[in-house]
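Chemist: Based on these hints, arrange chain B on the given structure of chain A.
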Amino acid sequence: MSNKSFNTRIHPLFIVGFLIMVVDLIAAVYWAIEIQKPRAIALKAAGAWTWWDEILDKLILMGFWVIGYMGYVIQNLPEYRWSWKQAARSGLEAVISGAIVGALYALMSRR
Amino acid sequence: MLRRWMRGSKGVQTLEWVALALVVLALIGAVTAWMNGPGGVQVAAPIQQALQRYAWCLEGAGGCPGAGGGSPFGTNPPGVRPPGVNPPGGNPPGNPPGGKPPDLGWCVTHPGDCLSNLGKWAADKWEDVKRGAGQAWEGLKSTAEGVWKWLDEHKGIVAGVVVGLAAAGLILATGGLALPVVLTALAAGGGAFLFGWLYQQSGPKPGLQGWLEAFALAGIGAVMGYLVAHGGAMLLKEVGLSGILRLFVSKGIIGGVSSGISYLILTPPDQRSWIGAGVAIGSGIITEMLAWPAAKAAVVSIAGAIEAARRKELTWQTPVRAFGQSFFLEQPGSKVYNRVFGRGVGKGLGWLSGKGISISPPNFVMRVANRVSWDVIKSKLFGM
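Chains as they are written, first to last, in the numbering used here: chain A, 1 to 111; chain B, 1 to 384.
Do not take every clue at face value.
A short, non-exhaustive set of chain A residues, derived as facing chain B with CB atoms under 8 Å [unchecked claim]:
1. Lys-44
2. Leu-61
3. Ala-94
4. Val-101
5. Tyr-105
Reference listing, derived: stretches of chain B covered by chain A, where coverage requires no fewer than 3 residues with Cβ under 8 Å from a Cβ of chain A [stated by the list, open to error]:
6. 248–262
7. 274–281
Just so you know, these hints were derived from the structure itself, not from any lab.
For each residue, glycine too, the CB sits at the ideal point set by N, CA and C.
Excised from the complex, chain A in its bound form:
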């Protein structure tokens, strides 16, 4: 890391990609907690919560995940000479390790 020199010039896409990720994350959390949570509580209390609701919930969140990852790819396109594949590959490790940490925390926070 000490040998890596950072590029002092920031490409506009870097900022765009970063903003996509931040907005996507805020939107995902807001939707999951402020919109979906009360709805789920109400439906479960009424006994109307089905496994399809559960799957749809996960699918929507996965959609947010994909959008966030696309933000990362857009952010890194200039650095990887406009190669979508290389830019996406560079973030794979970060996505996987982040997913594991989040999953473990989710499991631990449940009693």
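Modeler: This is chain B only, laid out in the frame that chain A set:
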């Protein structure tokens, strides 16, 4: 010739030895004659009685603690006098009762009786010593039991004193060099205990399992704190504040996004919280910004180990399929979810097996692991 030999050194030595032998023979003869007479009876009787008493006691209970003096056997064998009691026929004049040694003046005039009483007195004293030793031992045992009970009831104080003494000893032994290390260890230990106590207060779990969880969580907190502090210091030193910021916007944020959404997906919709999401996002960002892959692996593996330990219903005997269902897909209160996704995982594992890809441990490992299940460890080590 004989006279010359007798005057020589060899002859004199021989004669001395012959004379000594004659004296010994004479003494043996005299003692034998005396023992066969009335005096011999007086000396032999106490010895015989003592032997009888001990043999009787040994037959009774395998020992002879204070026979005749409040012993568990109650009385002496028939015909055997208890120690300290004078023989029938009255107390000899000059021999005061109460276990005192025979009077010297009386002994001069009654050598036979004196010798007999002397033996009895010595036997009495020996019994007293044994009785005293027994009482002292009982007292010691009682005291030790009391001390042990107190220690058992005040484990916290004892542990504190032991830790304090060990810490002080370490500091003194190293001439103060170990002070920072000891203070750090004490702070970490105290923090872990405090966390364990708070954890138990917030949601008590019985016995060892609850404390294991508490200490595991405290451990991950400590490791995470260390990694973040150490990694942060390294980053600050190597790339500076702007470098850290750049690392955050380029790498950390995608870790946070991934971790946060992963948390939301795996948490039931009605149990999600802002704090939970915040912690997950923060953990993801920090983990992703850690400089070394080993640090990431450590964080993830520690968290995974805690989660695995937390699910105490899982053992090495749990089938892999059930383990997968429980670990990744357990949804409290949502049996439909469990059934549908658990079945999906099972199908997936079966499909992989059909393709020749087995994620099950080898049979040998499973056989060994089955013999060392958590239940066995618990029962053998902790008696639970």
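Chemist: The structure should be examined with respect to each hint, and the outcome stated for every one.
Modeler: Hint check results:
Checking Lys-44/A against chain B by beta carbon gives a least distance of about 6 Å; that is within 8 Å, so the hint holds. Hint status for Leu-61/A relative to chain B: holds, with the closest Cβ pair at about 5 Å, below 8 Å. Against a cut-off of 8 Å between C-beta atoms, the interface hint on Ala-94/A holds, since the closest Cβ of chain B lies about 5 Å away. At a threshold of 8 Å, the smallest CB-CB gap from Val-101/A to chain B is about 5 Å, leaving the interface hint in force.
The interface hint given for Tyr-105/A is met, as the beta carbon of that residue sits about 5 Å from the closest beta carbon of chain B, less than 8 Å. Counting residues of the stretch 248–262 of chain B whose beta-carbon sits less than 8 Å from any beta-carbon of chain A gives 13, enough to reach three: the coverage restraint holds. Judged by the Cβ-Cβ criterion of 8 Å, the stretch 274–281 of chain B is covered by chain A as claimed, because 6 of its residues qualify and three suffice.
Taken one by one, the earlier hints all hold for this structure without exception.
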